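Novice: As a plain string of letters, each chain reads:
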Amino acid sequence: MSVPHALLALLSEGPKYGLRLQTEFESRTGEVWPLNVGQVYTTLQRLERDGFVEADDGEGERSRRRYRITSAGARELAGWLRTPPELVPPPRDELVIKVLVALQIPEIDIHEILQVHRRHVIEVMQRYTRIKADAKEDDVPLALVADAELFRLEAIVRWLDAADVRLKQLPSVPAGGAASQVSPEPTRATEVSQ
Amino acid sequence: MTNVLELRQVSKIYGSGPTEVHALSDVNLSVERGELVAVMGPSGSGKSTLLTIAGSLEDPSKGHVLVNGVDLARISRSDRARMRRRSIGYVFQDFNLIPGLTALENVTLPLELDGARARAARSAGLRALEALDVADYADRYPDELSGGQRQRVAIARAIVGKRGLLLADEPTGALDSLNSEGVMRLLRAATQRGVAGVVVTHEAQLASWADRVVFLRDGRVVDQTAAPSGPESLLAAADPR
Numbered sequence: 406m407s408v409p410h411a412l413l414a415l416l417s418e419g420p421k422y423g424l425r426l427q428t429e430f431e432s433r434t435g436e437v438w439p440l441n442v443g444q445v446y447t448t449l450q451r452l453e454r455d456g457f458v459e460a461d462d463g464e465g466e467r468s469r470r471r472y473r474i475t476s477a478g479a480r481e482l483a484g485w486l487r488t489p490p491e492l493v494p495p496p497r498d499e500l501v502i503k504v505l506v507a508l509q510i511p512e513i514d515i516h517e518i519l520q521v522h523r524r525h526v527i528e529v530m531q532r533y534t535r536i537k538a539d540a541k542e543d544d545v546p547l548a549l550v551a552d553a554e555l556f557r558l559e560a561i562v563r564w565l566d567a568a569d570v571r572l573k574q575l576p577s578v579p580a581g582g583a584a585s586q587v588s589p590e591p592t593r594a595t596e597v598s599q
Numbered sequence: 064m065t066n067v068l069e070l071r072q073v074s075k076i077y078g079s080g081p082t083e084v085h086a087l088s089d090v091n092l093s094v095e096r097g098e099l100v101a102v103m104g105p106s107g108s109g110k111s112t113l114l115t116i117a118g119s120l121e122d123p124s125k126g127h128v129l130v131n132g133v134d135l136a137r138i139s140r141s142d143r144a145r146m147r148r149r150s151i152g153y154v155f156q157d158f159n160l161i162p163g164l165t166a167l168e169n170v171t172l173p174l175e176l177d178g179a180r181a182r183a184a185r186s187a188g189l190r191a192l193e194a195l196d197v198a199d200y201a202d203r204y205p206d207e208l209s210g211g212q213r214q215r216v217a218i219a220r221a222i223v224g225k226r227g228l229l230l231a232d233e234p235t236g237a238l239d240s241l242n243s244e245g246v247m248r249l250l251r252a253a254t255q256r257g258v259a260g261v262v263v264t265h266e267a268q269l270a271s272w273a274d275r276v277v278f279l280r281d282g283r284v285v286d287q288t289a290a291p292s293g294p295e296s297l298l299a300a301a302d303p304r
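From first to last, the protein sequence lines are chains W and B. Residue numbers for the first sequence, in the numbering used here: 406 to 599. Residue numbers for the second sequence, in the numbering used here: 64 to 304.
It should be emphasised that the hints constitute simulated quantities derived from the structure, not laboratory data. This structure is a prediction, so every number in the text was calculated from the model and none was measured. Among these hints, one or two may not hold up.
Stated by the list, open to error - Residues from chain B that face chain W, not an exhaustive set, calculated with beta carbons under 7 Å: (1) Asn242; (2) Gln268; (3) Trp272; (4) Val284; (5) Asp286; (6) Thr288; (7) Ala290.
Even glycine gets a Cβ: it sits at the ideal position worked out from N, Cα and C.
Let's have the full structure, built from the sequences with the hints guiding it.
Specialist: This is the structure:
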């Protein structure tokens, strides 16, 4: 979550004080991402330094300053909205690394390892679903934030399920014996993870 | 808390000799009043078999099934049929509504088969349709309803009367994600009103609506989730930077 760009977006609706930016940020992200007011003012300072926002009345106590977006700020926001998030190269995924490492260790039941992680991910999903279930029906921002997490976590469960099936298809994978099924040479997948 | 459903050491074996298949092995499962349990597992893990045995549509090869404390093996066939009609509601992936009957007639059918008077059945049916927000479609036929509306009618049929056990087999399989969420909200609301619910699914998002998720692999219960903690821990861990 880019706090500077979220603040620019809120200011694109009109001039606002720091405190109001904080409460609006939290309410619009379904209060899933808490933000302290000190962080708001530090961010506003940086945005002001970069010429993306300006205060109505110049110098003064920070809580009395009302900020508005500049045309440079509006251009920055428009550019950021259209910039794809970093997807390639893939992030070093701790879970993938753990599963690959588990394959190398004798006496490890890889299916049990996969299940431990599957259960944990679903327990986290239950908590996000509960947030959504308990929210007001018209709280769309919160539903969007919860959905984003739920779809991300669901993808992990699907990967674990696919891994389970792939590993079952290996001829006789004994507990911990998977190491013998894995090429000693680093594969493309392991290289990527490393 | 009372267990509405209890499976004790339930096994199901199909075929014999070299073609013998162990669909379920020593499954124990209890579901309380007001609890929604999801049974999750890959294709062929025994999910649907578990549900048909829990719903008395099939007998176990070994073990006992108790509904409201009554051991199904110890009652007559006709008493079991009565229990299926009165105490157990089923929701299927493809709705299983009867095309020649209206939404209301579909919902009241199990009550009328059980000997309820038409007027009493009609008012109970309308209440169930209202609870599912589809009372306006009471006189429409299934082919005049959308997928989401049909599944709502199917859930109304499953909860109509005084059913205490709701069994759903991949109930959102034919629906898009928002309609699926709607169905899970309704199943959750039904269980919160005091029904015990079991949903079998292979989808993690649907399972996450349950109070408890039980994992089935090769016919065995291998794991289950802990009691869900509140959302506070998620909010505390959230970092907006």
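Novice: Tell me the hint numbers this structure goes against, listed in increasing order.
Specialist: Structure breaks hints 1, 4 and 7.
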